[in-house]
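In order, the protein sequences belong to chains A and B.
This note's numbering applies: residue 8 is where the first sequence begins, and numbers increase by one.
This note's numbering applies: residue 13 is where the second sequence begins, and numbers increase by one.
It should be emphasised that the hints constitute simulated quantities derived from the structure, not laboratory data.
Nothing here was measured: the structure is a model prediction, and the numbers come from that model.
It is possible that part of the hints are untrue.
Straight line, CA to CA, 25 Å or less: simulated PhoX-like cross-link-like pairs of lysine-lysine [to be verified]: (1) A/Lys-75 with B/Lys-91; (2) B/Lys-204 with B/Lys-157; (3) B/Lys-97 with B/Lys-157; (4) B/Lys-91 with B/Lys-176; (5) A/Lys-804 with B/Lys-157; (6) B/Lys-91 with B/Lys-64; (7) A/Lys-803 with B/Lys-278; (8) A/Lys-666 with A/Lys-804; (9) B/Lys-404 with B/Lys-79.
Output of the computed footprint for chain A on chain B, the stretches with three or more beta carbons under 8 Å from beta carbons of chain A [to be verified]: (10) 42-50; (11) 280-286; (12) 433-445.
Cβ atoms here follow ideal geometry from the backbone N, Cα and C, with glycine treated the same way.
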Amino acid sequence: MPTAYPLPKDLSPAIVTNTASLLRIIALGLISGAAIASRLFAVVNFESIIHEFDPWFNYRATRVLASKGFYEFWNWFDPTAWYPLGRVVGGTIYPGLMATSGVIYNLLHALHLPVDIRNICVLLAPGFSALTAWATYMFTKELKDESAGLLAAAFIGIVPGYISRSVAGSYDNEAIAIFLLMFTFFCWIKALKQGSAFFGTIAAVFYFYMVAAWGGYVFITNMIPLHALVLLLMGRFSSRLYVAYSTWYAIGTLASMQVPFVGFQPVRTSEHMAALGEHSSSMYQLIFIHLTLTGVFGLLQIVAFAQLVRSHVSSKQFQELLVSAVISAGVMGFFAIVALTYKGWIAPWTGRFYSLWDTGYAKKYIPIIASVSEHQPTAWPSFFMDLHFLIFLFPAGVVMCFRALRDEHVFVIIYAVMASYFAGVMVRLMLTLTPVVCVASAVAMSSLLDTYLDPKEPDTDEQKGRSALVGTTSASIGTSATAAPVAAPKKTKKTKEKEAPVAPGGVLGDLVSGVASSAAAAVQASETASTSKSTKGIFGLDTRFAVIMNTIGLLLFFVLHCTWVTSSAYSSPSVVLASTSPDGSQHIIDDFREAYYWLRQNTAEDAVVMSWWDYGYQIAGMADRPTLVDNNTWNNTHIATVGKAMSSPEEVAYPILRKHDVSYVLVIFGGLIGYSGDDLNKFLWMVRIAQGVWPDEIQEPNYFNKGEYRVDDRASPTMRESLMYKMSYYRFADLFGAQQPMDRVRGQQVPAKGPTLDYLGEHSVGFRCRGNVSNSSSADEAFTSENWIVRIYEVKKDDILGRDLKIANAFSEGKKRKRSKPVSRRKAIRGW
Amino acid sequence: MLRHSRTLALLLAATLFSSLSLAGPAFENTAIVRSVELGGSLVHLSTTYAIKALEPGQTVYHIALGKDEREKTSWIEAKVKGQMKPLAITELGEDETSTAHLLAVTFPKTLAINGTVNLVLETIQTHSTHPHPERASQSDPQLLKYNTDLFILSPYTTLVQRTKLKSPSPNIISYSTPEGVDGFVRDGSVTKSGPSITYGPYHNVGPSVNLEFLSKYQQPISVHYNFDHPVLEITNLERSAEISHWGSNLNIEDKINLHNAGPILKGHFSRLEHQSQNFFRRLSPHILSDLTLHLPPGVTNVYFNDLNGNVSTSHLRPAPSVPKASKTHQYSILEMRPRYPLLGGWNYSFTLGFDTPLQDSVSWDATEEKYIVGVPVMTYIPGSVVDEAKVKIILPEGATDIEFISPFPALSSTISTHITYLDTTGRPAVSLTYKDLTERHAAMIFVSYKVPFAAHMKKPVAVGGAFLSFFLFGITARRINLRLHK
């Protein structure tokens, strides 16, 4: 048989398999290494530190687990969160992540490797990304073959869409969940292929692990039944499907109910997912009805029963039986659902579910969901940013799945469709799309490479006979340049040259054939199609070379892109900010940790800190102080209370603060150095959320000046009197001396004198320079970090004489109280 | 008249001493001069006793310290004036009437009758000053008060004694004037000149270690002065030094709880004011914004972090490693800045660690076939006192025949087992606890130990064994087929 390039001949099959196996192991090892290494930018550029917000909670919980043991952790009631409500942590989290770290921690310590728990947490995500690469390899291997598997592993190892949630320090549920997702899917496919109860059980066990680890388990909960349903509808019911699904369903559902946070949701919540109030990092939606899970199970039983019946009755009777059964089942099922919903046994659809179908839903009705940036619809460029050329290969891969269309290919197709839709709806769901994109692209690219690496030259029976003939003639023509060892491809080319309509002779012909081989191949293909059927294929080394070089080029650019995106976009801890000074040296802005550490070291241990909910977990983790609200946004009213306190004037805010025992109020202010993620930029969300609960007291339009959000002279009066505004700009103007103070984030000039709060004409707050003693009436600046990013205010206690603090302040400043406008004395809030 | 009174005093002393268990009035202090250098957390005292022996063959001299004074005193060293070698001091504890604390100093050679010697007693007091007023705002100066007793106690008659208190800045706010000491005074009971205040000279002070004298004449005096450096207190210091022969490395890690013991901040911290003070270089003296530490030469991998991770605001100027014997005093200089400026009453806890080459601190004693390692008790933070310190020296795994010498008595010492990376049986660790350490305490602890060759090989054998068993498992597992259907 002719080959495009010589292959070694005298190799035993054993050597080939062993070498291939070794190469695969090495390749997988290198892929794991690359996956881990590319996630370490954050550690190298900054330090081994927990990133962002949610990871700080997970880290704190893990520390409790590591130091106090699992039972203590399981029963942990955290009185410092959601002050004064507290939080039953053990029952309101997905414990899989912490349990994983805890197991690793104890294992390493048992082996006398006393690794710090922080380092385990930081490096957990990169470690699991290596496992994800392996699981993806196994999954893709089932779809196509090992080489596609290796490609898929390499893709998932470094693709930014996955790295974005699994860099070192990003210690969140997603860190381990993608591995579990892929491995569960692999086990499901394997179980389905073999009709294996064993793999079905493994799939169920990993499904349980996934349920314990991430709210996104609902994706599996819905993908597998849907797959089964589609197979059923395609008429592909088989005993393999029956065994696999029944095992998975029975064990998986029972196991998942053991997770307290999930509990009986699998049978009670219709969308089977974290409702609005639950853990925000839980992932939501991706959802059809949970009923598919049980429904498909029931359906499978019915179909299996029907098969049994069919084998015993005649086909006419069977059809009649079937029709009547389907109709009655449908009617009964509908009424059952209505009745259950009416009775409240099945929870109605919740907000996040609607926001999946109508992307504008959240913005209209639930500001707290809309306020989270990762709940926004995905922008188109981010698809390219996160997936690079895979996004173009992805459809090709899906189409290739149609060509084979075995059961597992149906699975990938469903997965691709669903994940594509949801990734378009919500930025964070890009994460679930990424694995299937990698798998499908790997299938496509591997097919391409297979085709072009395959040394086999297309040849027909007819051609074979002719090539021998032409071989002798071409030699006689005298194109001696072609060497003997590579004679085979050359010969064929010459053959087709001969046959080509415009056949230039001699040396020139050789040249042309070399350059335009691909064109010739096409010509030949069309030509030979008329004479013979099966001569499609790739001819010559150069064709192969061109395509493969292109592919390698693409892969190289992919690597470059991934590295660049990872290092520049996804590797910032956001707790520590880096800025570059004019001479190119890096300057670390460490205000958050400075202020949190100050709180930790220099305030009473039970001092309650109020801040916007974004910083709740960080304060609990780094400052170790009780907070009013945190990132576990389960109580909208409590958050709205904080929003109201922040957006109200001091007189209104003070009783709220006192009622909640608040000792310190913390705001983030980026106006001095231009940190745009500060509280004033989030302020409108606070207003909106507060407005949702107190529409009479807080109205968003009041914070605008003719539709403009301003902080300068033209800021609206409500804005200027709000606690947030005052705390942000307290003594800010003094910093600039005689110059016009400038807010660098909003690019607006703040009033030089600062607005004075004196609606009674007798009281001034904050901005007036009064030497060293400058107090605002209800709170005083307790600490401000180096770059003024974090500002902490201490809430004053009630006046000893029971006066209103404002009056007391005015008195101590020697101001005379105006008689004309009496100030109603506020009642004592605490005490009796 | 003078002679008369002196003999009277001597007689008095003789009768008094007969009641004590001491061997009569063997000495007479011709003069006692004490100079006190007022400071923040540390106050240095230097007392010179001019001694005359009244009886032949005397070698043991008794020094008395007030009970309060003894509690505050953390470092005591006695020398014969002009000599380098410190004299042996034995703590006798409180005297019978429990009025004072007695120390016995042994002279290197016996004194003949009327022989004289000048004894210099150097002591360092900790926690002997306190801020007054107790609260100060961010721009206020730092005012401290030092309290002590007027008379320097001695079981012997003292012909003349004088106490001089020197303040680091000439700004002395107030000082107390002693009362009822006219019998001892000729010119004036107290004089102030510039930054120093002198109490005395007081003449013909009888033996003062008795209740009668103390109740009659002893009285507290206090000085209120300005101090221009932060008063630092390390409430807790935990040092662990880990010796690794395989890595040829000595790792030293300090866990430090730093407290600013100056006046507590009145009102609140204003960043604006702090920044403007910083800009005009007029930072209030009780604010600590940075520290300069002297680390050993040849340090590598210096880390400075706290519970929230790395603190990126420090500079290190490393000095190259120097051989043990060399006389050059080189230091690596670490300029570290805490996360936030430390105002009065604020705390800051952090971890500071570094590696040094092992050969700089370990030497091989060929005669006993032992290693000897020297580990400093602490890295001194300028102007601070260490309330509690725990030093843990972790020796290599399998070290035997452990002996250690502390440069000064430790409160407690234990040998425990410490398990860290790749250990099988754990490493022996020597733990020593101390309290009230000062700059003079930053000396070396010496530990000697033997490490047999087998102990050195423990680690590679353990690691090799672990890998071997892992591979063996892999080799076997691959060859066992557990399938039911072939």
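For each hint, the structure was consulted:
{"no.": "1", "hint": "A/Lys-75 with B/Lys-91", "verdict": "violated (54 Å)"}
{"no.": "2", "hint": "B/Lys-204 with B/Lys-157", "verdict": "holds (16 Å)"}
{"no.": "3", "hint": "B/Lys-97 with B/Lys-157", "verdict": "violated (34 Å)"}
{"no.": "4", "hint": "B/Lys-91 with B/Lys-176", "verdict": "holds (20 Å)"}
{"no.": "5", "hint": "A/Lys-804 with B/Lys-157", "verdict": "violated (32 Å)"}
{"no.": "6", "hint": "B/Lys-91 with B/Lys-64", "verdict": "holds (16 Å)"}
{"no.": "7", "hint": "A/Lys-803 with B/Lys-278", "verdict": "holds (15 Å)"}
{"no.": "8", "hint": "A/Lys-666 with A/Lys-804", "verdict": "holds (11 Å)"}
{"no.": "9", "hint": "B/Lys-404 with B/Lys-79", "verdict": "violated (32 Å)"}
{"no.": "10", "hint": "42-50", "verdict": "violated (count 0)"}
{"no.": "11", "hint": "280-286", "verdict": "holds (count 6)"}
{"no.": "12", "hint": "433-445", "verdict": "holds (count 4)"}
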